[in-house]
Each structure stands twice: as C-alpha cells, then as structure tokens.
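> Each chain, letter by letter, is given below.
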Amino acid sequence: MACIELKQVSYRYPTSKTANLKEVNLTVESGEFIAVIGRNEAGKTTLCNVIRGFAPHFYQGKLSGSVHVNGKDVLRTEIGDLSWDVGYVFQNPFNQNSGVKATVYEEISYGLENLGIPRREIFDRVDEVINLLGIAYLADKHPMKLSGGQCQRVALASIIVMEPAILLIDEPTSQLDPKGTEDVFKIIDMLKKKGKTTILVEHKIDRVAEYADRVILMDEGRIVRDGPAAQILSDPALLEYGVTLPQTALLGLRLREEGLPLERIPITIDQAAVSIGALRKEGGGI
Amino acid sequence: MKALELKGVSFTYPNGFKALGKLDFSIAPGEKVAVIGENGAGKTTMAKLTNGLLRPGAGQVLVNSEDTAGKTVAAISRHVGYVFQNPDDQICNQTIYKEITYTLRYNKSCAPEEIDRRVKEALALAGMAGMEEVNPYDLSFSHRKFVTICSVLLQEPEVVLLDEPTAGQDLACMRRLENILDHLQKKGTAVLTITHDMEFVVRNFQRVVVMAHGGIISDGTPREIFWNLDVLREAALHQPYISALARRIGLPGKVLTAEEFAAALRGSGRTL
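Top to bottom, those sequences are chains A and B. Numbering-wise (the numbering used here), the first sequence opens with residue 1 and increments by one. Numbering-wise (the numbering used here), the second sequence opens with residue 1 and increments by one.
Just to be clear, a hint being listed does not mean it is correct.
[To be verified] Taking lysine-lysine and the DSBU-like style, the derived pairs with C-alpha atoms no more than 30 angstroms apart in a straight line are:
| hint | chain 1 | residue 1 | chain 2 | residue 2 |
| --- | --- | --- | --- | --- |
| 1 | B | K120 | B | K7 |
| 2 | B | K22 | B | K98 |
| 3 | B | K22 | A | K179 |
| 4 | A | K145 | B | K254 |
| 5 | A | K17 | B | K186 |
| 6 | B | K7 | B | K22 |
| 7 | B | K22 | A | K141 |
| 8 | B | K254 | A | K179 |
| 9 | A | K101 | B | K186 |
| 10 | B | K32 | A | K141 |
| 11 | A | K179 | B | K32 |
| 12 | A | K179 | B | K120 |
| 13 | A | K72 | A | K179 |
| 14 | B | K48 | A | K101 |
| 15 | A | K145 | B | K22 |
| 16 | B | K18 | A | K179 |
| 17 | B | K22 | A | K17 |
| 18 | B | K48 | A | K145 |
| 19 | B | K7 | A | K145 |
| 20 | A | K145 | B | K18 |
| 21 | B | K48 | A | K141 |
[To be verified] Pairwise CB distance ranges (calculated):
| hint | chain 1 | residue 1 | chain 2 | residue 2 | range |
| --- | --- | --- | --- | --- | --- |
| 22 | A | E128 | B | E234 | 28 to 38 angstroms |
| 23 | B | K254 | A | E182 | 41 to 51 angstroms |
| 24 | B | K18 | A | E78 | 28 to 38 angstroms |
| 25 | B | N15 | A | E113 | 22 to 32 angstroms |
| 26 | A | E220 | B | A58 | 50 to 60 angstroms |
| 27 | A | E29 | B | R203 | 32 to 42 angstroms |
| 28 | B | K18 | A | N114 | 52 to 62 angstroms |
| 29 | B | D24 | A | Q60 | 15 to 25 angstroms |
| 30 | B | D67 | A | L115 | 53 to 63 angstroms |
| 31 | B | Q185 | A | Y137 | 18 to 28 angstroms |
What the hints contain is simulated information worked out from the structure, not anything from laboratory work. Note that CB positions come from ideal geometry on N, CA and C, so glycine has one too.
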C-alpha cells in the first residue's frame, strides 16, 4: 500500500526567490527504506518538510499539487495530527532539543507526554528505546551537556519512541563516529524489519549502498533519478550531480576502464569481494 | 620549532570524568594532522585545551614555544583558531561580513583594506564570493560551517583546529574544504583536523593521530595506521573501504587507494 503520495508538487519558501521543489512525483510503499541523496540545497530537507506538513503549514510559502500521507490529505491536516503518522529527526541534533527538560530520560518522554500517553506506558517505551539505542547510561544527564554523537542518539530516540509508521531522518549520523554510524544504520534496518517506512537523507553514500532498497537523487528541487540502490549508485552520472559514488563503485569503474571485464559495478564491499575475487581466480594461479 | 606542543597534559571534567591522561603531542608549522577516534575518545577536549577554552589539570600547552598558562582565551585565539563542531555555537552576527571580521574589527589590529582583502580571499576559498551581506542563518548548515572556517581564516593564526569539518558536506563542499587545507598548508599554518571520515584522511593527510580512552594510542602515516588492525580495533575504527576490500580478497601490499588497488591487482598476476 502506498503510504506517501506526492503528485506534481511544487513548493517555494516565503524567503526564497525560486521554487525549492519542482513538479515532484513520488510514491512510497509501506515498509520501504529509501535514501534521498543530492548536493546541498538540492531540496532533500524540503521534501521531508512537505511530507511532514511543515511546508506549508509552519514555513508558509506556496505549495501546488497534492500530498497524501497514510491516506490523509496533508494540506488539510494539522501538523499535530500528522505527528502520529510521521516522525522527523532533525539534521542538526542540537536544534531538536526541546530545551525544557532537565534529563535525557524526560527529553525522550516529552513527545509521548504531549500525545497524552499513559504514564506507565511512557516508562516502558522510553526504557525500551534507550536500551535499543545503547543510551541508558545517559538517562540522568542534562540534554544540553551531551557530546555531538550522544545528542544525535538522543534525538533519534525521542522520535523512535513515538513509534510513527513513517520516519523521516535527516542526516542522522553527521556527528557520529564510524561505529555509531553503523549502529544507527542497524537500528534503521531493524525498524524496517518491524514494517516501518523510512526516508533517510544521507551523504554517507557507502552506508546508503549497504542498507537502502531504493535511492532518490535530487537536484535543483527535482527528483532526477529514482530506482533500486544498485542501479542508481553505480551510475557515474551521479558525479555530475555533485554526489560521490560508493568507494567500491569508483574502484569498479576504474578497473573496468583499465580493461577488467567486470560484469556489474559493485556498490558494497561484499559485492566487490565476490565480483573482483571471482575474476582473480579466473586469471589463473594467482 | 613547534607551532603547538602539549606536554604531559591531563584533564578531568568537574564531574570527575577523566577525559585526557598525560598526553604528549606536537605539530610543526605547515604540518597537517588528522585526529581520529570514537566519540568520547578525547578529541574535542584536546582541541579545547589547545586554545584555552579548557585548562590542563597537569602538564603544559605551548603555542609557538610559549606556555599558554595564565593567558586569556582571546590572547591564545590570535594564534590558535578553533572551528567548532557545531557552527551555531559560534555565529553571533547578522551578516557574513560582520561575523567573519568580528575579531579583527574588535582587535583593531588590521587595516580596513587588509580586512577587505582577507574577506575576499576567504569567501572565494569557501565558495561564497560576494555573499558578504547575507545573514548566516539564512544559509544551510554546511554553509554556516564554512562561515566559521572563514572567521578563522581571517585571523591568519599559526594553528588551525577544525572539529569535524566533513560532517554533512557534499562533494563540492568537500573539495572546497580540501582546497582550504592546501591553502593553509602553503601558508605554513599547522592544521589539526578532527574527523570520522577515513576516506578524507587517506586523500589529504600524511600524518594521523589515533585517540582512544583519553590518550594517543598511535601516531603515524595513513598506511601505518590503517593497516594496524590492533590499533583500529582498540579505537573502534574501521579500515577505509578500499583497504578493507584489498584485505578481504587477499591482495598483497598495504593498499589505501583505488589506484594502488588496480596496481596491486595487475601485479598479482592478472593480465589486464
């Protein structure tokens, strides 16, 4: 079932001189894990803002076309009602902090309190999420006294705890070390297995290659590519849109240029190990 | 001579967390060093100690061979420019011009023509030429990061500390950042860069410092560091993708780049 449907959507922020989204058509099926890539200011965050109703409800500005989320007409639905369906994790985790709570535990509870969830259930859900994200040790810390990486995990936790069917996650790993990044991708993968729909804006293309099912490339407010990760991320045209390819794809393209008969351009280490490893064996006695 | 030297520096936060223990480190003028390590390893604490935002509990911090003990942050900052992890902790003016010239105007240490020359140079390097009058908060996170980098460039300090400049940068911004690193190196500036991007390290650095549990556990070339699996494990880091692939399929040599990978593959008997 389609849980997000955008038809001919164009949108312009009030402060912007030109359209920030142009004639965007997008259908997302329930349970998909989609990565949105593209250079800075290509429209990635704006796309998220339209799906969660903040554009135009909060930012104002002009929107044409239609946006439906879980069957709701977003243009006629209040942001508060949409927050049951859509969770958004901010690009800058420092901005997500409510600023009104004194501990991480209370910060993560905040959204549930606002939704009027019973107290006992709040405790259960917060406990589960902080264990899931490995941040139980931060529970009593002040939210403003966290490192970048810790702050990013707390921001993610405070959205996951609300259990929205659709998660919009805007560069969740920008402050994280490699292990933290890996952890976050594993968490998103796990949410996918629970049937959640995830739209992830991310620059770390090698991670995207490993986890995303489908990749959307944006440029100048338009969706310019939309397809399976393996197809989109092995296409050197990405470079013209200011997006790098996975390291293994760059390597594959180079080896092919040098005459190595690679059938497919690999986008992950696993794929590369198989395809390049096989060629080595064929080469004989290496 | 050393641009910056930390001698037996220890630091414990007021809550009792021992962030650094007896750290020794130095960097020469014109040297570029990458600092890697997991969150909480002590990277940012080390950066804050070098420009006086934090003061060592034990040991000495020397800038241009002078002990910084007793000097104000403002005085140290003239020699050590620090670009924060979060640009929003740093930006406090309504226009880019006012923001990046703030210190120079305040110090009155620089002629107006020279300030304008530096503004033009820095904005061109940052890909923001002609944007003097734009409000930094109308820009993306990535651009705001470049605004803070420009603020530091304008002061022309002997040491520059960049705290995770690669976070959230696209390809074009990454290239701009790499240009700025080269520019600083040519000017003889010592540059210390904290980063989680191993590919960025391979492309741009000859010296890498690995931090773990509040100390430096290794200091060497990218090849030495990224093929020392024990060090990587201790620091919870991984090899760059190309190195990991080379190891996985058993390519000889300590491969770091796609170019080396192709050469090693040719050398290993496969005729291309």
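> Next, verify each hint and record whether it holds.
Comparing the hints with the structure gives:
{"no.": "1", "hint": "B:K120 with B:K7", "verdict": "violated, 38 angstroms"}
{"no.": "2", "hint": "B:K22 with B:K98", "verdict": "violated, 40 angstroms"}
{"no.": "3", "hint": "B:K22 with A:K179", "verdict": "holds, 26 angstroms"}
{"no.": "4", "hint": "A:K145 with B:K254", "verdict": "violated, 41 angstroms"}
{"no.": "5", "hint": "A:K17 with B:K186", "verdict": "violated, 39 angstroms"}
{"no.": "6", "hint": "B:K7 with B:K22", "verdict": "holds, 8 angstroms"}
{"no.": "7", "hint": "B:K22 with A:K141", "verdict": "holds, 27 angstroms"}
{"no.": "8", "hint": "B:K254 with A:K179", "verdict": "holds, 23 angstroms"}
{"no.": "9", "hint": "A:K101 with B:K186", "verdict": "violated, 48 angstroms"}
{"no.": "10", "hint": "B:K32 with A:K141", "verdict": "violated, 36 angstroms"}
{"no.": "11", "hint": "A:K179 with B:K32", "verdict": "holds, 25 angstroms"}
{"no.": "12", "hint": "A:K179 with B:K120", "verdict": "violated, 40 angstroms"}
{"no.": "13", "hint": "A:K72 with A:K179", "verdict": "violated, 38 angstroms"}
{"no.": "14", "hint": "B:K48 with A:K101", "verdict": "holds, 27 angstroms"}
{"no.": "15", "hint": "A:K145 with B:K22", "verdict": "holds, 25 angstroms"}
{"no.": "16", "hint": "B:K18 with A:K179", "verdict": "holds, 22 angstroms"}
{"no.": "17", "hint": "B:K22 with A:K17", "verdict": "violated, 55 angstroms"}
{"no.": "18", "hint": "B:K48 with A:K145", "verdict": "holds, 15 angstroms"}
{"no.": "19", "hint": "B:K7 with A:K145", "verdict": "holds, 28 angstroms"}
{"no.": "20", "hint": "A:K145 with B:K18", "verdict": "holds, 16 angstroms"}
{"no.": "21", "hint": "B:K48 with A:K141", "verdict": "holds, 21 angstroms"}
{"no.": "22", "hint": "A:E128 with B:E234: 28 to 38 angstroms", "verdict": "holds, 31 angstroms"}
{"no.": "23", "hint": "B:K254 with A:E182: 41 to 51 angstroms", "verdict": "violated, 23 angstroms"}
{"no.": "24", "hint": "B:K18 with A:E78: 28 to 38 angstroms", "verdict": "violated, 49 angstroms"}
{"no.": "25", "hint": "B:N15 with A:E113: 22 to 32 angstroms", "verdict": "holds, 28 angstroms"}
{"no.": "26", "hint": "A:E220 with B:A58: 50 to 60 angstroms", "verdict": "holds, 55 angstroms"}
{"no.": "27", "hint": "A:E29 with B:R203: 32 to 42 angstroms", "verdict": "holds, 38 angstroms"}
{"no.": "28", "hint": "B:K18 with A:N114: 52 to 62 angstroms", "verdict": "violated, 39 angstroms"}
{"no.": "29", "hint": "B:D24 with A:Q60: 15 to 25 angstroms", "verdict": "violated, 56 angstroms"}
{"no.": "30", "hint": "B:D67 with A:L115: 53 to 63 angstroms", "verdict": "holds, 56 angstroms"}
{"no.": "31", "hint": "B:Q185 with A:Y137: 18 to 28 angstroms", "verdict": "violated, 40 angstroms"}
In this structure, the hints that do not hold are numbers 1, 2, 4, 5, 9, 10, 12, 13, 17, 23, 24, 28, 29 and 31, in rising order.
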